[in-house]
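Q: What follows is each chain in one-letter form.
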Amino acid sequence: MTSLAPSRTTRWVIGILVGAFFAIPMASTFFYTLRDDDGYSLVHWAALFDPAKAALYRPIWTGLGNSLVLALVTVAIVLFLLTPTMVLVHLRFPKLRPGFEFLALLPISIPAIVVVVGLAPIYQHIARMLGTGAWTLAFAYGVTVLPFAFRSIQASIDAVDIRTLSEAARSLGAGWPTVLLRVIAPNLRSGLLAASLISVAVVLGEFTIASLLNRQVFQTALVVVKNSDGYAASVFTLLALAFAFVMLIVIQLAGRARSGKGRP
Amino acid sequence: MTSPTPVRSLPRTAENSLLADAHSGTRVEFRGVVKDYGSTRVLHGLDLDVAPGEFVSLLGPSGCGKTTALRVLAGLEHANGGAVLLGDTDVSTVPTNRRDIGMVFQSYSLFPHLRVIDNTAFGLRRRKVAKAQAQRRAADALELVGLDHLADRFPHQLSGGQQQRVALARALVTEPRVLLLDEPLSALDAKVRVQLRDEIRRIQLRLGITTVFVTHDQEEALAVSDRIAVMNAGRIEQIGTPEELYLSPATPNVAAFVGLSSIVAGVASGASVLVWGETLPIVGDPVTGEVEVFLRPENLRLVASGGIEAVVQESTFLGSFRRTLVRTTDGALLQVQHPASERVEYDDRVRVAIEPTPVSVR
Amino acid sequence: MTIATPQVTPDGAERCAPPRRGASARMWAWLGLVPFLAYLAVFLVLPTMLALASGLFTRDGSFTWDNLAALGDPVVLATFGNSMWLSLVTAVIGAVIGALVCYALLGIREDGPVRTFVDAAAGVFAQFGGVMLAFTFIATIGLKGVVTQLLLGVGVELFADGPWIYELPGLVLPYIFFQIPLMVITFMPTLSALKPQWAEANLTLGGTRATFWTHVGIPVLAPSFLASTLLLFANAFSSYATAAALASQGSQIVPLQIRTSLTSETVLGRENLAGALALGMIVVVGVVMWLSSLIQRRAARWQR
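Protein chains in written order, with this note's numbering: chain A, 593 to 856; chain B, 140 to 501; chain C, 11 to 314.
Hints were generated in silico from the structure; no laboratory data involved. It cannot be assumed that every hint is accurate.
With a cut-off of at most 30 Å between alpha-carbon atoms, the simulated DSS-like pairs for lysine-lysine come out as follows [unchecked claim]:
#1 Lys645/A - Lys154/C
#2 Lys205/C - Lys267/B
#3 Lys205/C - Lys270/B
#4 Lys330/B - Lys154/C
Every value quoted in this text rests on a predicted model; they were computed, and no experiment measured them.
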């Protein structure tokens with residue numbers, strides 16, 4: 593690798609230049625939240641806990657709550673609808689795999705802004721059947737997270753020979769529900785975990801569909817709050833970004849720990 | 140006791156420009172080459188002299204330093220001590236691209252985006268040879284390796300053996316001073332390996348180019364080399380012709396590595412040694428006292444009576460003969476080569492005798 | 011006279027039983043696919059079809075070419091042009107800088123702290139919340155942003171010519187902010203697949219580091235680089251949240267135009283413009299993505 597890799601100087605130069613480009617907005621936002629008239633203080637951060645201002649922040653807590661519920665339902669769709677189908681395709685319809693992969697990656701090519709145009713009438717029907725709660729958005733979100741979840745789970749499926757495992761389990765007398773829940777799922781754990789966490793991240797960050805279908809989620813709430821208190825919006829922005837960052841680190845570390853453990 | 144094969148020079152012909160420029164080869168020298176990786180010493184003062192036009196193999200197990208030595212010679216690694224000479228010039232500080240060498244790697248070294256002809260002509264183009272002439276010389280080189288008909292293919296369309304042939308043509312077309320081969324056959328099928336190694340040797344003899352060949356396969360080394368340097372843990376344990384190494388291994392490692400010798404204890408008295416009640420002549424200088432005796436599998440037999448007792452550990456059927464590993468009552472392990480018709484199985488009790496041929500001792 | 015009949019073996023089992031059991035099992039398997047396919051049909055295929063088809067109908071439901079004709083309207087064309095310009099500029103800049111970042115990461119341990127950090131950061135910025143990115147840029151170079159004030163302090167007035175951050179040029183920087191990470195995510199595998207043997211072979215054949223890149227490295231990477239750039243283009247073209255958060259009114263790019271036509275009843279005198287715009291968008295994004303995957307597949311042949 594010595595002939596290909598760049599010199600230390602090159603690494604540092606690129607790292608510092610690009611790092612600065614990314615660090616400056618983050619640092620600026622942080623300093624922005626510290627503004628207190630002409631000085632600096634943590635007044636905006638402390639205001640989060642100020643009961644007098646609670647009404648101002650209610651949209652955010654509502655939106656966040658909705659987003660968390662949405663995340664939960666979306667993860668449920670990923671775990672209980674997508675995963676069994678992927679296992680089924682892998683075990684019974686291997687020839688359909690390219691077509692299935694095309695379908696799963698299709699949402700990348702169909703912008704959310706386009707889908708939402710067609711979702712409006714569909715959600716009118718859903719509102720009649722299931723009400724206008726924000727949680728019904730999860731059905732649309734299941735499609736949005738599809739490419740990301742698919743990649744994580746497929747990587748896991750490819751790494752574990754579930755065909756042999758399921759055949760072994762069946763030959764020992766297990767029925768399909770047992771095979772799925774007790775044999776296959778535990779072995780797909782790292783892929784399922786990654787898919788779930790990525791889905792949570794995507795759902796928490798989704799704006800387009802929620803905003804144009806008039807539902808209150810975390811991101812739309814941020815926009816609302818921005819108009820009344822720009823500082824609070826920035827505080828929550830930083831918190832959310834940090835949270836997502838930590839989650840992605842957790843996904844990576846968990847994935848590594850698993851593959852380490854799996855070795856005999 | 141080394142005798143490099145005499146170099147053949149060929150008459151210049153119009154067609155084969157590659158052969159026409161064949162020269163008498165360059166001397167290669169390692170002088171006390173030392174290489175460290177962090178705190179681990181990988182080469183301990185390597186000394187090796189390769190005569191012009193000679194084919195020398197570096198043979199040894201993984202981690203013995205043979206590839207490191209080759210890469211130091213190529214300039215892909217920097218030695219921490221000692222010197223490397225090409226011709227009579229110290230090239231230790233000369234960068235790889237100016238050492239005028241040709242190198243064939245174990246795999247994946249062909250450029251995927253270039254056709255075979257352009258891959259082969261690559262070195263010439265880097266030396267500012269005009270495109271038309273470079274392509275002509277490249278075509279000659281491909282003819283030398285028998286692949287001129289695949290000149291317009293891409294590497295991913297070729298088999299492993301074909302790719303390595305192209306790599307060889309590419310390395311040779313620039314008429315380098317020395318040819319370096321880093322386990323070029325290890326990634327290939329057994330049959331292709333044998334064909335290709337013979338071809339490499341044939342071409343090397345025709346061109347008279349000094350060649351250093353790294354391998355872990357003793358059969359390969361024995362088949363193609365003028366001399367073999369058996370390496371272990373960063374040192375050369377023995378250098379000699381294939382016959383010398385086979386008949387007179389200098390250390391147990393060499394004996395075990397080249398020819399699968401077994402080692403037993405014996406008592407030497409002058410020109411012969413007493414082993415298992417048999418007296419055998421000794422190869423080399425007379426020795427007295429307790430010695431280690433090297434027994435080759437083909438010099439041992441399974442007998443009905445006499446010899447010593449042993450129990451079969453494993454037996455492998457190899458077509459025209461069997462090779463059986465037995466454990467004697469003293470606990471020594473012996474490899475015995477015997478006719479395939481003598482079928483033995485795990486745990487059989489057998490008797491092993493030595494044929495009255497000269498043996499090496501230490 | 012012998013009559014051929016299905017034989018019954020001594021233990022009473024019919025010889026043709028297994029295929030029948032297999033057939034019913036297969037039927038169940040096909041049924042197992044239905045839930046997911048139905049889900050996709052309702053929440054992906056159907057909305058897309060509806061969106062595209064709605065461009066062909068007026069509010070009352072009668073067929074019309076009017077909405078599609080709107081795609082030729084100078085305002086709409088300008089919008090598409092803006093989207094293309096924005097996507098092209100940010101895709102190219104993002105691709106080049108992203109490729110440099112990948113290069114700087116070459117040879118660093120995949121499970122080391124640097125890679126972990128960069129991968130997580132890239133994931134966050136590339137995919138998580140365009141709205142929040144917009145806010146951070148407003149906090150930085152907005153009218154009252156931290157950097158704006160700093161520059162004012164040294165006598166540089168960023169917005170002397172008007173609040174361009176809330177207009178088209180203001181989108182460039184935030185877009186680059188998520189394009190670069192996307193490039194890093196997409197391109198890193200390709201760059202890592204450059205084989206060290208190629209670099210070494212180049213050296214032994216008399217090349218230099220420079221000639222390696224010009225004759226081997228860049229030609230081998232070029233198709234993937236192009237495919238990734240196209241991906242970045244499609245990504246920018248489809249992007250909505252960042253622009254929506256920065257430009258609360260206005261419709262200078264296609265997604266914002268769609269927003270306007272969804273939230274007001276008629277735009278440009280036409281009713282279902284959103285559908286027509288959606289159609290136009292899908293065509294652009296679809297073609298670009300198709301090209302990208304085509305190039306990627308051809309390049310994959312080399313990486314055997």
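Q: Would you mind marking each hint as holding or not holding in the structure?
A: Quick rundown of the hints versus the structure:
1. Lys645/A - Lys154/C: 23 Å, holds
2. Lys205/C - Lys267/B: 25 Å, holds
3. Lys205/C - Lys270/B: 26 Å, holds
4. Lys330/B - Lys154/C: With Cα atoms ~75 Å apart, Lys330/B and Lys154/C exceed 30 Å; violated.
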